[in-house]
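Could you build the full structure based on these sequences and the hints that come with them?
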Amino acid sequence: MSIPSETIRRCIPHRDTPAGARYDSVIDLARVRAAHRALTVDRETITADGNTAAALATLQMWRCVLFAGFPITPSTKWIETVATRLAEQPGGLKRVKLLEAEHAVADYLVGAAAACRDLVFPTATSSVGLDHMTETTRSLGASGLGNVLLINVYRATANFPLCIEGDPSDTLAHRDDGLIQIVSRGKQQIYDTILQAPCLGMHQEVLTPTMPGYYGIKDSHRSERLTLEPDREIHAFQDRWIPECPLPGLINGDTAFGNCVTSRHFQGFKVEQKRRIERAVELLPEIGADFERHFGRPGLQYFDATGWADDGVADLAVVTMGPDFGTFEALRPAYEQHTGLKLAGIAMRLLTPFPRGAVRRRLEKARVVLVVNQAHHPGRGHLTLDVADALCDLAPAPRVVSAFAGLGGADVSEATWEAMLDGARGALAGQPQPDYRVYHEGRAL
Amino acid sequence: MTSYKETALKESFFRPGSTLCPGCMESIAFQNAGRVSDNGVKTVFTIGTSCAEVSSLAFPDVVAWGRGDEEPDDFARSFSIIHNVFESAPTVAEAVRDVADALGACGALAEPIQVMAAAGDGGALAIGLRALLHTIHRRARVTVMVLVNEIFANTGFQYSPATMPFADTSTTPAASNSPGNPQLPLDYIHLAIAGGAELVAQVSPAHGKLFVKTVERALTATGTAVLFVPSPCISGWKFADGQTVELALLGARCGVFPAFTWERGIGGKVLDCPREAAERPQVEAFLVEQRRFQHLVTRDPEGRPAVRPGREAELERLRAWTQQNVERLYRLAEFT
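Chains A and B are the protein sequences, given in the same order. Here my numbering is used: the first residue of the first sequence is 2, the next is one more, and so on. Here my numbering is used: the first residue of the second sequence is 71, the next is one more, and so on.
No wet-lab data here; the hints were simulated from the structure. Do not rely on the hints blindly, as some may be mistaken.
Example chain A residues on the side facing chain B (calculated, C-beta under 7 Å, incomplete) [said to hold, decoys possible]:
| id | residue |
| --- | --- |
| 1 | R32 |
| 2 | V66 |
| 3 | E101 |
| 4 | A115 |
| 5 | G259 |
| 6 | H266 |
25 Å max Cα-Cα, derived DMTMM-like pairs, lysine to aspartate or glutamate [what the hints assert, rightly or not]:
| id | chain 1 | residue 1 | chain 2 | residue 2 |
| --- | --- | --- | --- | --- |
| 7 | B | K308 | B | E382 |
| 8 | A | K95 | B | E181 |
| 9 | B | K279 | B | E76 |
| 10 | A | K95 | B | D171 |
| 11 | B | K75 | B | D144 |
| 12 | A | K366 | A | D316 |
| 13 | B | K308 | B | E384 |
| 14 | A | K271 | B | D131 |
| 15 | A | K275 | A | D390 |
Cβ atoms here follow ideal geometry from the backbone N, Cα and C, with glycine treated the same way.
Structure (structure tokens):
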């Protein structure tokens, strides 16, 4: 008896996995890769704002074919930039998917990322846009869908009085969502971070969505020089870190996503989720080092550091995040000369999971640690709590002084930095310190 | 078109093991739609949080989805399902469709897939109306089944925008000074047509052949197909065991949710529900079988439905609403 040709065509071998069957040959990724149209053939330097840097990074990845977005409140311009570029390059595989709300974008990312676990599905959001996604971002954080790339432009989240300028209260409010949050400052770092993020999120032992972010206005809207790498080099780098996902997707699998469980079984899922995101802490510097070898610029790190001597000793160490750290870097030598103190600092890059061990090792020989929080918090500040937790088992532990500055995206001026440093010097002298101080325009409020 | 008998012999994607209430129409709908989808094309199914989801996708209990006892060697018979939050099923389905189309466009996916979504009326017409309408508006090539049991059954039988007037729900309780739900239901069929759907139907498996034929047609649609499935809920509507199909048939025939099919460019028809009220079963016959309407109707000594004293006005309004409902669908059927 002959077998109908129809039957022969469809008998595709499958492989059993813990998540169901995977039909390995159903999706031919090489064809997606071949369909990519290079944006940049040779390394080139352009002038770009942060949103453009983010858009170009995603456009250069062969794994990004669908760009889902909503104009966003407030707008980030990422989706417009992607749309404009694609409009100038008709006929390609990549396309913009406009949805009716941020919530819909997040839902769309779930479906797309689950449909094909080997492609990267990017979007950008900000502020209340991220809040609107929350119902689904919290599912995403636990989903195992590391191929979701949610770029967040830090702007103050829903609050009274309304302020939509660039402070990181949105990303800090969403730390429990479960996504890997990486902070960038400067256009080059935005671009480079986005190129590396899927390597971390899609690693087989991580499988956790990533949320690279940068400050609204200060970095999103201001332009500076940006080096673009050739697409082929980006692909070569990413392909080293992103193998085919061994787990089935909705299209190439016979599988189920998003089951519900009783509390008895919930524990195991959560333990696995914690292990995966903790593995990201271990892998991040490896990916960063490989990036630096490939492109000659610093790759992912737990934090940017300035002023640290080899012995790690500092009188006063600053911990903060974002572009205002640059002002501290600029004034640090003069302040050291003026006060005779040894000053150093770090600007966090990996925000969630918080790299406790690395922060502790960096700060353990500081006498006083000044933590500068830039988002409203009902207590001592998000960063302060993380830093205090990182240092708590040291004996003696550095004294932690908490400050708020740059709330609502206000510039943290040299005068404000000096006021904060002057305030923290009191701790060096053993003076009692308040739980926190709020600074603006060179004085404590 | 496959014959009804052939379809009945196919393997459904909905399998034993769910904890849905015995006699739940959702289960019957899934079993039937599941057989229709065993058509040589791989199926991806998306589902929002609902009775159907929590009762069929609980780990480590039996997952009541999938075709066959083992994952099939035949890719075209493979089946995948994803659950996401209440309102998301149409959007998630649209995303799957887009990815498959993108892969297909560059030759990376040679095999076709079909995408189906399911949500309850709470998920699709209350919290998820935005998602449903915009997926329709974007003409996504997916089939969306909205299982209309007229309540938020999963969370305790609360009012939904599809609840019939005067129904007793846990948030529109009937009492001496309250006749139950005071709202008219959302005109969701009209909304789906106006939104841009290619195919819109209201049909339950009580009309077995029509249901199967409609699902079959929906799966070949080039735009969005929306199937509203009237789903008598034994726990929420409070009727006796074994009456699910009978009530679905009676509700359709008396004009509460007439069987209706419509296609863009062709128009539609109302089936098995005459336009004239006198030619249809009386709505009281439908109401009296359900304790959610026991404050309106009862049985007389001969066992016939009878209005409760003092509720004549409400019943009259319900009759008028039913007639308007039928008239509205006949008019919609004329629209192409």
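Each hint tested on the structure:
1. Contact between R32/A and chain B, as hinted, is supported at the beta carbon level, the nearest pair being about 4 Å apart and thus within 7 Å.
2. Hint on V66/A holds. Least Cβ distance to chain B is approximately 5 Å, under the 7 Å limit.
3. For E101/A, the suggested interface contact is upheld, since its CB lies about 4 Å from the closest CB of chain B, less than 7 Å.
4. With its C-beta approaching chain B no nearer than about 5 Å, A115/A sits inside the 7 Å limit, and its interface hint holds.
5. For G259/A, the suggested interface contact is upheld, since its CB lies about 3 Å from the closest CB of chain B, less than 7 Å.
6. Checking H266/A against chain B by beta carbon gives a least distance of about 6 Å; that is within 7 Å, so the hint holds.
7. A C-alpha spacing of about 22 Å is found between K308/B and E382/B, which places the hinted pair at or below 25 Å, so the restraint holds.
8. Between the alpha carbons of K95/A and E181/B the distance comes to roughly 20 Å, so the proposed pair stays at or under 25 Å and holds.
9. Between K279/B and E76/B the alpha-carbon distance is near 12 Å, which keeps this suggested pair within the 25 Å criterion.
10. Restraint check: the Cα-Cα separation between K95/A and D171/B comes to about 11 Å, which is no more than 25 Å; the hinted pair holds.
11. As the CA atoms of K75/B and D144/B are separated by approximately 23 Å, the hinted pair is consistent with the 25 Å bound.
12. A C-alpha spacing of about 8 Å is found between K366/A and D316/A, which places the hinted pair at or below 25 Å, so the restraint holds.
13. A threshold of 25 Å between alpha carbons decides the hint, and for K308/B with E384/B the separation of about 20 Å falls inside it, so the pair holds.
14. The hinted pair formed by K271/A and D131/B meets the criterion: a straight-line CA distance of about 19 Å does not exceed 25 Å.
15. Simply put, K275/A and D390/A have alpha-carbon atoms about 18 Å apart, close enough for the 25 Å limit, and the pair holds.
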